[in-house]
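Quick mapping for you: the protein sequence lines, in order, are chains B and F.
For what it's worth, numbering that gives the first Met the number 0 labels the leading residue of the first sequence as 0, then goes sequentially.
For what it's worth, numbering that gives the first Met the number 0 labels the leading residue of the second sequence as 0, then goes sequentially.
Simulated from the structure, these hints should not be mistaken for laboratory data.
Possibly wrong hints are sitting among the right ones.
In silico lysine to aspartate or glutamate, EDC-like type, Cα no more than 16 Å apart, as pairs [claimed, not checked]:
no., chain 1, residue 1, chain 2, residue 2
1, B, K129, F, D150
2, B, K1, F, D154
3, F, K52, B, E124
4, B, K1, F, D150
5, F, K52, F, D150
6, B, K4, F, D154
Non-contacting residues of chain F with respect to chain B, defined by C-beta distances greater than 10 Å in every case (computed) [unchecked claim]:
no., residue
7, Y5
8, S13
9, L18
10, V28
11, V32
12, R46
13, H57
14, P95
15, L102
16, I103
17, P114
18, A121
19, V195
20, V215
C-beta atoms are modelled at their ideal positions from N, C-alpha and C, and glycine is treated no differently.
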Amino acid sequence: MKGLKKKRRIQVIAVAAVALIASTALIGYAMRDGINFFRSPSQIADTPPAPSEVFRIGGLVEEGSLARGQGETITFRVTDGAASVPVAYAGALPDLFAEGQGMVGTGRLVDGQFMASEILAKHDESYMPKEVIDILKEQGVYVTPDAEVSMN
Amino acid sequence: MSLWTYANPTRFMSTTRPLVPALGAIAAVFLVVGLVWGFFFTPDDYRQGATVKIIYLHVPSALMAINAWLMMLVASLIWLVRRHHVSALAARAAAPVGVTMTLIALVTGAVWGQPMWGTWWAWDPRLTSFLILFLFYLGYMALWEAIEDPDTAADLTSVLCLVGSVFAVLSRYAVNFWNQGLHQGASLSLDAEENVADVFYYPLLVSIAGFAALFVALVLLRTRTEIRARRLHALRLRERMADA
Numbered sequence: 000m001k002g003l004k005k006k007r008r009i010q011v012i013a014v015a016a017v018a019l020i021a022s023t024a025l026i027g028y029a030m031r032d033g034i035n036f037f038r039s040p041s042q043i044a045d046t047p048p049a050p051s052e053v054f055r056i057g058g059l060v061e062e063g064s065l066a067r068g069q070g071e072t073i074t075f076r077v078t079d080g081a082a083s084v085p086v087a088y089a090g091a092l093p094d095l096f097a098e099g100q101g102m103v104g105t106g107r108l109v110d111g112q113f114m115a116s117e118i119l120a121k122h123d124e125s126y127m128p129k130e131v132i133d134i135l136k137e138q139g140v141y142v143t144p145d146a147e148v149s150m151n
Numbered sequence: 000m001s002l003w004t005y006a007n008p009t010r011f012m013s014t015t016r017p018l019v020p021a022l023g024a025i026a027a028v029f030l031v032v033g034l035v036w037g038f039f040f041t042p043d044d045y046r047q048g049a050t051v052k053i054i055y056l057h058v059p060s061a062l063m064a065i066n067a068w069l070m071m072l073v074a075s076l077i078w079l080v081r082r083h084h085v086s087a088l089a090a091r092a093a094a095p096v097g098v099t100m101t102l103i104a105l106v107t108g109a110v111w112g113q114p115m116w117g118t119w120w121a122w123d124p125r126l127t128s129f130l131i132l133f134l135f136y137l138g139y140m141a142l143w144e145a146i147e148d149p150d151t152a153a154d155l156t157s158v159l160c161l162v163g164s165v166f167a168v169l170s171r172y173a174v175n176f177w178n179q180g181l182h183q184g185a186s187l188s189l190d191a192e193e194n195v196a197d198v199f200y201y202p203l204l205v206s207i208a209g210f211a212a213l214f215v216a217l218v219l220l221r222t223r224t225e226i227r228a229r230r231l232h233a234l235r236l237r238e239r240m241a242d243a
């Protein structure tokens with residue numbers, strides 16, 4: 000940069016910025032499946048992974064599908080509105096895990112059922128005081144805000 | 000009078016002298032009010048309980064971590080184009096403040112993530128690009144120290160800053176580009192509908208204002224230190240020349 004005239008410096012920066020943005024966009028687009036943290040139930044329905052492949056699935060826990068099975072195993076269905084996949088999991092669940100809420104699970108797809116080895120809860124970006132919700136519930140006005148899918 | 004008169008070091012020093020304590024006082028007031036209000040006088044969240052209070056540290060520090068890098072980018076570009084030394088020194092001065100903000104955001108995020116998501120860390124696009132931004136901060140500071148000639152150091156760190164901006168921008172907008180991540184989208188935005196109830200929102204705004212004022216105050220203070228260090232260096236050189 001030292002020996003260059005001001006006009007040429009601006010040109011160099013402009014070219015560098017364009018090259019940087021273009022390469023970022025190309026890499027980001029080409030690797031989007033690797034960069035995305037999880038796959039949706041629809042993607043899994045379209046292209047079912049092999050039973051040996053460990054991957055993450057993400058979506059909402061379907062209302063009314065959560066069942067505490069025999070022993071420690073729990074089962075539920077994860078949905079993105081279009082498709083849904085049954086999940087089985089044995090282990091501790093995070094605080095935010097509930098029906099109608101977002102979750103991300105790691106595991107394998109065996110005979111159409113997702114055998115999860117780890118379950119994470121996904122938080123939507125809504126923040127509401129507890130008291131307000133309690134009052135709304137008492138009045139019967141409150142409906143779960145995730146009734147409409149908000150997996151951003 | 001143009002903005003560039005402040006690129007004169009003498010002019011910069013005399014203008015910023017009263018600004019540093021004033022901004023420091025503003026930052027102290029806003030931080031104390033925002034954090035005390037947020038920690039002790041807000042209700043629990045309906046799903047997160049008391050863990051929601053981490054928002055008053057996490058959101059402002061993450062915001063300033065990214066803004067600090069963007070400020071360094073602007074200062075670096077001004078240096079590359081107009082060769083104002085004060086601009087290069089301001090970028091250098093901002094890096095340690097920015098890296099501290101980044102560290103605060105990473106730690107508070109992990110502390111929130113463990114009970115809420117069920118994990119300290121996940122290789123989510125937003126988290127990953129923020130970690131890379133942290134590493135860029137470290138590399139940027141190391142590069143300044145590694146090069147003897149101040150102008151060469153300013154040139155090379157400016158280029159590094161340009162490259163690192165990719166990750167500063169990505170860590171803010173990753174949720175928009177790759178929508179299947181673990182981190183939630185922006186809770187605060189000017190155009191979207193209100194996601195955060197007012198009772199959490201107002202102390203958060205006060206806290207953000209406090210972090211912003213603290214950042215500006217620290218960067219001005221550190222830039223003044225850098226200018227003085229450079230003057231001292233020049234005086235020492237002159238002295239050595241006189242002795243020889």
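Hint-by-hint comparison with the structure:
For the suggested pair K129 of chain B and D150 of chain F, the alpha carbons sit about 56 Å apart, so the restraint of at most 16 Å is broken. A threshold of 16 Å between alpha carbons decides the hint, and for K1 of chain B with D154 of chain F the separation of about 8 Å falls inside it, so the pair holds. For the proposed pair K52 of chain F and E124 of chain B, the alpha carbon gap of about 14 Å is at most 16 Å, so the pair holds. A C-alpha spacing of about 8 Å is found between K1 of chain B and D150 of chain F, which places the hinted pair at or below 16 Å, so the restraint holds.
Taking the CA atoms of K52 of chain F and D150 of chain F, the gap is near 44 Å; set against the 16 Å cutoff, the hint is violated. A threshold of 16 Å between alpha carbons decides the hint, and for K4 of chain B with D154 of chain F the separation of about 14 Å falls inside it, so the pair holds. Separation of Y5 of chain F from chain B is adequate, the least Cβ-Cβ distance of about 19 Å exceeding the 10 Å criterion. With 10 Å as the threshold on Cβ separation, the claim that S13 of chain F sits away from chain B holds: the shortest Cβ distance comes to roughly 28 Å.
Here L18 of chain F stays apart from chain B, with its beta-carbon at least about 30 Å from theirs, past the 10 Å limit. No Cβ of chain B approaches the Cβ of V28 of chain F within 10 Å, the least distance being about 25 Å, so the stated non-interface status holds. Non-interface status of V32 of chain F relative to chain B is upheld: no Cβ of that chain comes within 10 Å, the nearest being about 20 Å off. Non-interface status of R46 of chain F relative to chain B is broken: a Cβ of that chain comes within 10 Å, the nearest being about 6 Å off.
Here H57 of chain F stays apart from chain B, with its beta-carbon at least about 12 Å from theirs, past the 10 Å limit. Remark: the non-interface label on P95 of chain F is consistent with the geometry, its nearest Cβ contact in chain B lying 24 Å away (cut-off 10 Å). L102 of chain F, annotated as away from the interface, keeps every beta carbon of chain B farther than 10 Å; the closest lies near 22 Å. Non-interface call for I103 of chain F relative to chain B: holds, since the shortest CB-CB distance, roughly 20 Å, exceeds 10 Å.
Not every C-beta of chain B lies more than 10 Å from that of P114 of chain F, the closest at about 5 Å, which undercuts listing it as non-interface. The Cβ of A121 of chain F does not lie farther than 10 Å from every Cβ of chain B; its closest approach is about 7 Å, which violates its non-interface assignment. The claim that V195 of chain F lies off the interface is violated: its Cβ sits roughly 4 Å from the closest Cβ of chain B, which falls inside the 10 Å cut-off. Every C-beta of chain B lies more than 10 Å from that of V215 of chain F, the closest at about 26 Å, which supports listing it as non-interface.
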